[in-house]
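Quick mapping for you: the protein sequence lines, in order, are chains A and B.
Quick note on this note's numbering: the first sequence kicks off at 1 and runs consecutively.
Quick note on this note's numbering: the second sequence kicks off at 1 and runs consecutively.
Hint data in this document are derived by calculation from the structure and do not stem from the laboratory.
Hints may contain errors.
Where chains are identical, the list cannot tell them apart; a pair therefore holds if satisfied intra-copy or between any two copies.
As the list claims (entries may be wrong) - Within a straight-line C-alpha distance of at most 30 Å, the following computed DSS-like cross-link-like pairs (lysine-lysine) qualify:
#, residue 1, residue 2
1, Lys113, Lys135
2, Lys195, Lys209
3, Lys195, Lys162
Computed from a predicted structure; not experimentally measured.
The lines below spell out each chain.
2 protein chains.
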Amino acid sequence: MTVTLVCSASKEVRIGFDQPFVVIGERINPTGRKILAEEMSNGDYSRVEADALAQVAAGAHMLDVNAGIPLADEPAILAEAVKLVQSVTDVPLSIDSSIVAALEAGLAVYQGKALVNSVTGEEDRLESVLPLVAKYGAAVVAISNDETGISEDPDVRFEVAKKIIERAADYGIPRENIVVDPLVMPIGAINSSGKQVMHFVRRLRDELKVNTTCGASNVSFGLPNRNGINSAFLTMAISAGLTSAITNPLHAEVMQAVLGADVMMGHDPHCARWIQQYREKSASDATRGRGRRKRRRSG
Amino acid sequence: MTVTLVCSASKEVRIGFDQPFVVIGERINPTGRKILAEEMSNGDYSRVEADALAQVAAGAHMLDVNAGIPLADEPAILAEAVKLVQSVTDVPLSIDSSIVAALEAGLAVYQGKALVNSVTGEEDRLESVLPLVAKYGAAVVAISNDETGISEDPDVRFEVAKKIIERAADYGIPRENIVVDPLVMPIGAINSSGKQVMHFVRRLRDELKVNTTCGASNVSFGLPNRNGINSAFLTMAISAGLTSAITNPLHAEVMQAVLGADVMMGHDPHCARWIQQYREKSASDATRGRGRRKRRRSG
Chain A
1 MTVTLVCSAS
11 KEVRIGFDQP
21 FVVIGERINP
31 TGRKILAEEM
41 SNGDYSRVEA
51 DALAQVAAGA
61 HMLDVNAGIP
71 LADEPAILAE
81 AVKLVQSVTD
91 VPLSIDSSIV
101 AALEAGLAVY
111 QGKALVNSVT
121 GEEDRLESVL
131 PLVAKYGAAV
141 VAISNDETGI
151 SEDPDVRFEV
161 AKKIIERAAD
171 YGIPRENIVV
181 DPLVMPIGAI
191 NSSGKQVMHF
201 VRRLRDELKV
211 NTTCGASNVS
221 FGLPNRNGIN
231 SAFLTMAISA
241 GLTSAITNPL
251 HAEVMQAVLG
261 ADVMMGHDPH
271 CARWIQQYRE
281 KSASDATRGR
291 GRRKRRRSG
Chain B
1 MTVTLVCSAS
11 KEVRIGFDQP
21 FVVIGERINP
31 TGRKILAEEM
41 SNGDYSRVEA
51 DALAQVAAGA
61 HMLDVNAGIP
71 LADEPAILAE
81 AVKLVQSVTD
91 VPLSIDSSIV
101 AALEAGLAVY
111 QGKALVNSVT
121 GEEDRLESVL
131 PLVAKYGAAV
141 VAISNDETGI
151 SEDPDVRFEV
161 AKKIIERAAD
171 YGIPRENIVV
181 DPLVMPIGAI
191 NSSGKQVMHF
201 VRRLRDELKV
211 NTTCGASNVS
221 FGLPNRNGIN
231 SAFLTMAISA
241 GLTSAITNPL
251 HAEVMQAVLG
261 ADVMMGHDPH
271 CARWIQQYRE
281 KSASDATRGR
291 GRRKRRRSG
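Sequences are here, hints too, so could you generate the full structure?
Structure, rendered in structure tokens:
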């Protein structure tokens, strides 16, 4: 059973086939968030702090931290954000950048074993990111595209994932430190993308025996009621073997889908987490509905 | 590809691996509904009619009709209920009774090809129900238990299903007219029951090539937030190959899980049904949220 360990200075998270699903909070990312981008550029991390606390309170097991702001000093900002988030929460972080110097700056200040987000199958990325991952003993998200782009054929993407794993081994990075992103396409554009991902995730688990993650919200791009599609996607993908996702834990419906999937997979012994999460709310709802005030007081 | 055809006088429903999931409304059932039981006993079918219309409006593709009332004349009541429901809706029906004479009374008045609910692997049931199914050219729900009870081992239940299919063949009932119920156990009591059902449903599809149905709500018995668990179960079970379920279409969350699963399976071309169901609601919600009254009026 493959387990990917990541940790902060004080907390360990295990991503694995027999573990509860790991939710990596996506909110600390200035892409498309103009106010957050301006604040981070100006050294104001108050919103980063609030986002970190809110996501952990909502049940995120890890947080993704991204500082991709055009023309800004991304390495310095990412390092500051990593330090700030580690000072207010104890969950392990995913250090997220397309700039290698920013990944290094984040890793240099990070306390614990981080998840580096990400490396692709492109030669220049392999040669620049993998040495960093090896140097810091980190885990890494491997995105299954290469110089030829993103293939629509999941079996081609499988070969890219395999290449990244082999190349990582050359740098001494073990398979359990690689978390493959199958790349989820919007199902509104490619109707078969749901079945493609299930097939791909199952092959990654059964044949390559690696953990997996993905940006789950992409699947619902362009559709109404996105949380409904995201919930269906996550539930099915967990069934196929997906072991983590970068998503928004502030959406209660999505977190419910994850907790429900854990129950169905037998990863919530005695349904204890489910009962803890929903018991109180249901009991008070039922009580209110029936006007049993006495029972409520004694409960 | 196995397709189970059922129909009313004017409408056909196809249950199959490559078809949208079929929801069979469970509400017309006096078990545990004291007022409904009294009304049906007294020849008052107004609630049956209302339940039929509401379930079809909520998206049910078929309706289950049960008249199991202790000490009542079940054959006569079931026949009346079947006639009434067929007079107000055009969806095909599942005729549901544990009394063979009631199944026969329902079949005698039914217009079209019904689903008979159900036969088990018990000898006396096989010998009394299968001839009826053959006589009326109906389809039948096959429940995978026998004289020894319900095995906790899904592979034992698989053998029971296989026996029923073989016995049905002796009566000239083809495999496509049999819809196997894998029997879903409450996951609060048996934590592995989710994985068991997925495994069993996959074997039924891949090895026996039969369609499947189940009483989906049973999985959440005893747990809070039952619709959340039922949604996770249905989504995963559809992914494993479940092709229909007897459930409550009046729960919007459960219907959303089914529609979302159809999208993920590629059974909703261009996501057309999803968009139709949620576009208007989302648009008006978004409008209300942002106070864009003009846009709402023009939409």
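Outcome of the hint check:
| no. | hint | in the structure |
| --- | --- | --- |
| 1 | Lys113 <-> Lys135 | within (11 Å within a copy, 69 Å between copies) |
| 2 | Lys195 <-> Lys209 | both (20 Å within a copy, 20 Å between copies) |
| 3 | Lys195 <-> Lys162 | both (20 Å within a copy, 28 Å between copies) |
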